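Listed in order, the protein sequences are those of chains P, W and S. Using numbering that gives the first Met the number 0, read the first sequence as starting at 0 and increasing by one per residue. Using numbering that gives the first Met the number 0, read the second sequence as starting at 0 and increasing by one per residue. Using numbering that gives the first Met the number 0, read the third sequence as starting at 0 and increasing by one per residue.
Don't take each hint at face value.
Derived lysine-lysine pairs resembling DSS-like cross-links, with alpha carbons at most 30 Å apart [what the hints assert, rightly or not]:
{"id": "1", "chain 1": "P", "residue 1": "Lys-4", "chain 2": "W", "residue 2": "Lys-209"}
{"id": "2", "chain 1": "P", "residue 1": "Lys-4", "chain 2": "W", "residue 2": "Lys-78"}
{"id": "3", "chain 1": "P", "residue 1": "Lys-4", "chain 2": "W", "residue 2": "Lys-283"}
{"id": "4", "chain 1": "W", "residue 1": "Lys-300", "chain 2": "P", "residue 2": "Lys-4"}
{"id": "5", "chain 1": "S", "residue 1": "Lys-156", "chain 2": "S", "residue 2": "Lys-376"}
{"id": "6", "chain 1": "P", "residue 1": "Lys-4", "chain 2": "S", "residue 2": "Lys-450"}
{"id": "7", "chain 1": "S", "residue 1": "Lys-156", "chain 2": "P", "residue 2": "Lys-74"}
{"id": "8", "chain 1": "S", "residue 1": "Lys-310", "chain 2": "S", "residue 2": "Lys-231"}
{"id": "9", "chain 1": "P", "residue 1": "Lys-104", "chain 2": "S", "residue 2": "Lys-420"}
{"id": "10", "chain 1": "P", "residue 1": "Lys-4", "chain 2": "P", "residue 2": "Lys-74"}
{"id": "11", "chain 1": "W", "residue 1": "Lys-283", "chain 2": "W", "residue 2": "Lys-300"}
{"id": "12", "chain 1": "P", "residue 1": "Lys-4", "chain 2": "W", "residue 2": "Lys-292"}
{"id": "13", "chain 1": "S", "residue 1": "Lys-376", "chain 2": "P", "residue 2": "Lys-104"}
{"id": "14", "chain 1": "W", "residue 1": "Lys-209", "chain 2": "W", "residue 2": "Lys-42"}
{"id": "15", "chain 1": "P", "residue 1": "Lys-4", "chain 2": "W", "residue 2": "Lys-288"}
{"id": "16", "chain 1": "S", "residue 1": "Lys-460", "chain 2": "S", "residue 2": "Lys-420"}
{"id": "17", "chain 1": "S", "residue 1": "Lys-182", "chain 2": "S", "residue 2": "Lys-231"}
Away from chain W, derived, C-beta distances all over 10 Å, residues of chain P [said to hold, decoys possible]:
{"id": "18", "residue": "His-17"}
{"id": "19", "residue": "Leu-33"}
{"id": "20", "residue": "Tyr-37"}
{"id": "21", "residue": "Leu-38"}
{"id": "22", "residue": "Ala-50"}
{"id": "23", "residue": "Val-52"}
{"id": "24", "residue": "Glu-54"}
{"id": "25", "residue": "Glu-77"}
{"id": "26", "residue": "Pro-97"}
{"id": "27", "residue": "Ile-100"}
{"id": "28", "residue": "Pro-101"}
{"id": "29", "residue": "Gln-105"}
{"id": "30", "residue": "Gly-107"}
Don't read these hints as lab results, they were simulated from the structure. Fair warning: this is a prediction, and the values are worked out from it, not measured in the lab. Glycine included, each C-beta is placed from N, C-alpha and C at the ideal position.
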Amino acid sequence: MGKEKIKVIVSKVGLDGHDRGAKVVASLLREAGLEVVYLGLYQTPEGIIQAAVDEDADVIGLSYLSGEHLVYTPKIVEEMRRNGLDDVLLLVGGSFPPEDIPLMKQMGVDEVFRGGSLTEDIVGYIRRNARQEA
Amino acid sequence: MPGGTPASPGEMVERLVAGDRRAAARLITLIEDQSELSGEVMKLVYPHSGRAVILGLTGSGGSGKSTLINHLIARFRRKGQRVGVVAVDPSSPFSGGALLGDRLRFQSHSLDPGVYIRSMGSRGYLGGLARATGDVVRIMEAMGNDLVMVETLGAGQDEIDIIDVVQTCLLILTPGMGDDIQAMKAGIMEVADLIVLNKADLDGATACRKALEATIGLAGGKGEGGWTPPVIPTVATGSRPEDVRGIDELVEAIEAHQAYLSRSLTLEAVRARRVERELGLVFKDEVEKLVFKALKGTGKKRDYIEAILAGRGDPYSIVEEVLGAFVKD
Amino acid sequence: MSRGRAFKEAEAGCGQVNWDDYLKAYYDKPESARTWSGYEVKEIYTPADRAGQDYRRDIGDAGQYPFTRGIHPNMFRGRYWTRREVVGIGSPADTHERAAFCFEQGGTGLNTIADVTYEMGLDADHPWAVNEVGLTGVNITSLRDMETLVGDIPLDKVSWSVITASTAAAVTMAQYVAVAQAKGYDLSLLRGSIQNDPIHFRYCGFRPACPLDLSIKLGADVMEFCTRHMPKWYYTTVNMYDLREQGITAPQEVAFGLGIARCYINELIQRGLDIDQFAPRFTFYVSCHVDFFEEIAKIRAARRMWARLLKERYGAKDPRSMQFRFAVHTAGCSLIPQQPLNNLVRIAYEALAAVLGGVQSLHCCSYDEPMCLPTEKGHLQALRTQQIIAYETGVTNVADPLGGSYYVESLTDKMEEEALKVMQQVEDQGGMEEAIRTEWLDRQFEMEAVKRQREVDDGQKLIVGVNIFTSEPEKATPLGVQRIPEQSAQQQIEEVRRLKAERDETKLNRAIRRLREDAQAGRNTIPAMIEATKALATTGEILGTVRQVFGYAYDPMGIIESPFN
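Bound conformation, chain P alone:
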C-alpha cells in the first residue's frame, strides 16, 4: 500500500490575526489531496509542535503577517529539534522582506512561499519533498 497521504499542520503563531492566507492554503491543500490539520490563531510554538508530534505530521506550515517571523521562527525550530522532528518540513508563508528569506532558511526553514505564490507551486514542493524516506 504505502502512504499516499501527506499530513500538513497549518498554523498561525502569536497574536497575528491575519488568517485569510492560512485558511485558503488549508482549503486548497485539501483539494490537492493532502490531509490538513488547521490549528488557527494564537498558537504557541510548543502547542504547534505537540500537534505535529501527535498527528505524526509530515509538514508544518506557518503564516506570518505581522512582522513576527524572525521572532518566532527560531523558537519553532528549537521546539522541533527538541522533539525529534528534524525530518518534518518547515514551510513559511506570508509577508516579509526578501532579505529575511535566507535568514529564515539558515534558522531551519525549508522553503518560503510569500503572497503571490501559486497553489500548484506549494503543492508541488510538498509532494516532491515531504516523506522523503517513504
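Assemble the complex: chain P is given as a structure, and chains W and S must be docked to it using the hints.
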C-alpha cells in the same frame, strides 16, 4: 524517529504501553497507511486494550461536537482520567484530501500530558472506516487512556458503523437545523444512548426537546432493563464561562449510562458486540486481501470482468467458483 | 498559465525573441469582459443605457441629496482631501518621529495605528505582548505613552485619526482626552477621528478582545461621549476596508460595511440619541482596489445608499446625516511582493480612483506593504503619489468629473443593485447581528477568499508578476527594509514595569473602583476611563476591569488575573 533504522513494531508497542506519544502517533500512522505491519502491530496492541470507557460523539457539522468535546476533556481531566480523542473528518471523495479542523477547538489541551488527540480523515479504507478507527481506539487504550472519545460526522454507513466501537454513543443535535428529523430517518437515533440538544439557547429548543422525548418514548427503552435515552440540553459555545451550560448534566448522564451498562451486564454484551464486529471486519478484510493477492498478476480479474460484460457469467457464480477452489485447498 | 517570457537580463540582438509570441501579444485583447468583482460589462455604453435615469432623484449635483456625485458642492475646489498617511512603528517616540517626518513632507493629517498587542488590549509587558510590541504599529499602555506620542503636536491645529479599531479604542479615547485636558485644550474644539469599530475587527483576528456585546457597548460609549463632548470629532470610521481585505467583492464590501454601521446606529438610538444628533459624525474607511471604474462606481453607489438609508429608514432630516463621509486606504491585498516597484503603479491608480470617487481623506499604501512596515522613503513615495494627483493632474478642478459617463452611471447602478442583494441575504439570516453570531459572515469571507485564490491559480485573474510577466524573485527590497530597533520594545516594556511599580496605588484603586461601578450600572464608561488613565491605570487594566463586569475573563489571552480583585 530521528535517523537510524526505524523501530520494530515490538519496540514501538512497548513504548506505547509506557505512554510514549510519539510511538502512539507512529503506530496510528501505520494503521492509517494500511501498512503491511498493521496486523503485527494490532496483535501486540490487543492484549493491552479493551478496558477504557469509549464514548462516541456523532452529529452533523456545525452542531458543536468539537466544542462539547473541549468541555468534556476538561471535566474528565479534573477527575484525574487520562483522555484520548479521535476526531474523524470526511475526506474528499475526489482528491482524497481532508481538512481536519476539529482539533482547533480542543487544541488548548494539546500540552496536557494526560490528553492525546489525533485527527483522522475518513479516506478510502479498504476495510472501511470502522475497522481503522477501531484499531486507533485500541492503540489509544493501550497507551493508558482511561477514556477515549471518538468524534465523527454520523453521516454515511461507514460512520454509523463506528458506533459498534463505542460503548456510550452521544448524538448531537441542534434546534431548527432540521437534522432532528434527518437523524430519525437515518436510523441513528436507534443507536444513540444520549441525545444532546446543543445550542439550547436558540429559539425552538424547548419544542424540539419535547418532540425528541416524544419520539424516544414511542420507541421504548433500549436493551434489557430498559435504558431510555435522555435528551440533554447544552450550550457549548459561550464567549463567557457563565454562558456555557449543561456540561455537568451531560457528564452525569454519561456516567449514568456507563453505570447502567455495568449494572445490567449490558457492558459485556457491548464488548462482545465490539469484538464480534472486529472479528467480522478483520475476516472480511483479510479474506479480500487474500483473494486479490492470489489473483494479482494473473490477469484473471480482467478475464472475469470481460466475461461478465460479454454475458458469459455473473459476479455471484464467479465468486462461488473462486471461493470454492479456496475452500478445497 | 504564463504569458510573456519570464524576465531575465537582455542579451544582444533579437535572437531571443519568439516572433510567434510577439504577434500574439500584438493582437492580444482582454480575456475577461468582467469587472474584478465578476460582473459582465458591455463593450460600450450609450445614452440608451441611461434612458430611464432621473438625474434629480437618483444622481443630483455634488452636495445634493442623494449625494451620488459627492458630499460637497465644489468638492476639491473647496478643499483638497486630507493627505493622511498611516504611521505606526515601534515605540511611541519612534512613531512620533515618523509622524513629524510626514508633516515636514507635506502630509496634512495625522494617522497613527495601533500594533496587535494594543488592539488586543494587552499592556506592553504582557507575556504574549513582549515578543511583538511595536512590530506593526504603536502600543499605548499608559498615559505616559500617549504623552510621548503626542509630544509637541498642537492638537488644536492637527486633525488626528487615531486608528484603534477594537474595544481598546475606548481606552485610546480616554488616553487622548486625558492628554488633551492636561495640556489645557478645549475638547469641543478638537478635530480628528478614532476608528472605533470593534465589530468589524472580529474579522481581523482580535476576537478575544471583541466579544459582540462588549464591542457594541464600548463602541457606542465612545460615540455617545464624543457626540456630547467633542462635536468636531468623528467617533467612528466603520471599516469596510479590512472586510475587503478578506477577499470579498465590491458590493459585499458596501453591504457588510453598512450592515455593521447599522448595528451601531441602532444601539445609539436605543440609548435615546436622535439620529441627526450623531449621524453627521459617522465616517467610513473604504478600500480602493485595482479595478479602476468599479471602485469609483462602488463609492458613488455607497454614497447614494447611505443617503437613502438615513433618510428613508432612519428619518434623518439634517443633510449632513445623509452624507457618506469616508477615508480611503488603497487596497493592501492588491499588492504583491514580486516586482515590488510595480506596486507604486497600482497604488497610483487606486489613489486616482479614490480621488475621482470624491474621497475626504486618503492613505496610500507604501509599495513595500506586502513585505514590511514602510521605510521613510516608502512613506515619502506614498505621499508624493497623492501630491502629484493633487497638484499636477488637474482631476481636482471639477467635482465628480466621471458623472454622466454612460458607463460609470450604469456601473454605479449595478453596484447598488448587487449591494442591495447582499443586504437582503443578510436580512434573510435574521439581520447583521445574527449573521455575525451564526458565523454566516465568516463563511462568506472564507468562500470568497478561496475563490480569489482559485481565480489567480487558474489564470482567470491576471496579476503582473504572479501569473503573467513573471521574473526571478528579488533578493532585496528596492528602497530598503524598515526594522524596528530592538531597544524600542525593551525600553517601553521596562517603562511600563516601572510605572506599575511607582504609581499611587490609592488613587489607582479608587479610579478602578469607579470604573467598575459605572460599568456595572450601565453608565457610559469613558469618563471613568479618563479618570483611571490619569491615575496611571494601563490599557489592560482598564479594559480588563470592564471585561470582568460583562462576565469575560480579565485577560483576553486568559493568562493574567486582575490585580484589583
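Structure-based check of all given hints:
no.: 1; hint: P:Lys-4 x W:Lys-209; result: violated, 45 Å
no.: 2; hint: P:Lys-4 x W:Lys-78; result: violated, 37 Å
no.: 3; hint: P:Lys-4 x W:Lys-283; result: holds, 24 Å
no.: 4; hint: W:Lys-300 x P:Lys-4; result: holds, 27 Å
no.: 5; hint: S:Lys-156 x S:Lys-376; result: holds, 26 Å
no.: 6; hint: P:Lys-4 x S:Lys-450; result: holds, 25 Å
no.: 7; hint: S:Lys-156 x P:Lys-74; result: violated, 46 Å
no.: 8; hint: S:Lys-310 x S:Lys-231; result: holds, 22 Å
no.: 9; hint: P:Lys-104 x S:Lys-420; result: violated, 48 Å
no.: 10; hint: P:Lys-4 x P:Lys-74; result: holds, 28 Å
no.: 11; hint: W:Lys-283 x W:Lys-300; result: holds, 19 Å
no.: 12; hint: P:Lys-4 x W:Lys-292; result: holds, 23 Å
no.: 13; hint: S:Lys-376 x P:Lys-104; result: holds, 28 Å
no.: 14; hint: W:Lys-209 x W:Lys-42; result: violated, 47 Å
no.: 15; hint: P:Lys-4 x W:Lys-288; result: holds, 21 Å
no.: 16; hint: S:Lys-460 x S:Lys-420; result: holds, 24 Å
no.: 17; hint: S:Lys-182 x S:Lys-231; result: holds, 18 Å
no.: 18; hint: His-17; result: holds, 17 Å
no.: 19; hint: Leu-33; result: violated, 5 Å
no.: 20; hint: Tyr-37; result: violated, 5 Å
no.: 21; hint: Leu-38; result: violated, 6 Å
no.: 22; hint: Ala-50; result: violated, 6 Å
no.: 23; hint: Val-52; result: violated, 6 Å
no.: 24; hint: Glu-54; result: violated, 6 Å
no.: 25; hint: Glu-77; result: holds, 15 Å
no.: 26; hint: Pro-97; result: holds, 31 Å
no.: 27; hint: Ile-100; result: holds, 26 Å
no.: 28; hint: Pro-101; result: holds, 26 Å
no.: 29; hint: Gln-105; result: holds, 21 Å
no.: 30; hint: Gly-107; result: holds, 14 Å
Comparing the model with each numbered hint stated earlier shows that hints 1, 2, 7, 9, 14, 19, 20, 21, 22, 23, 24 do not hold.
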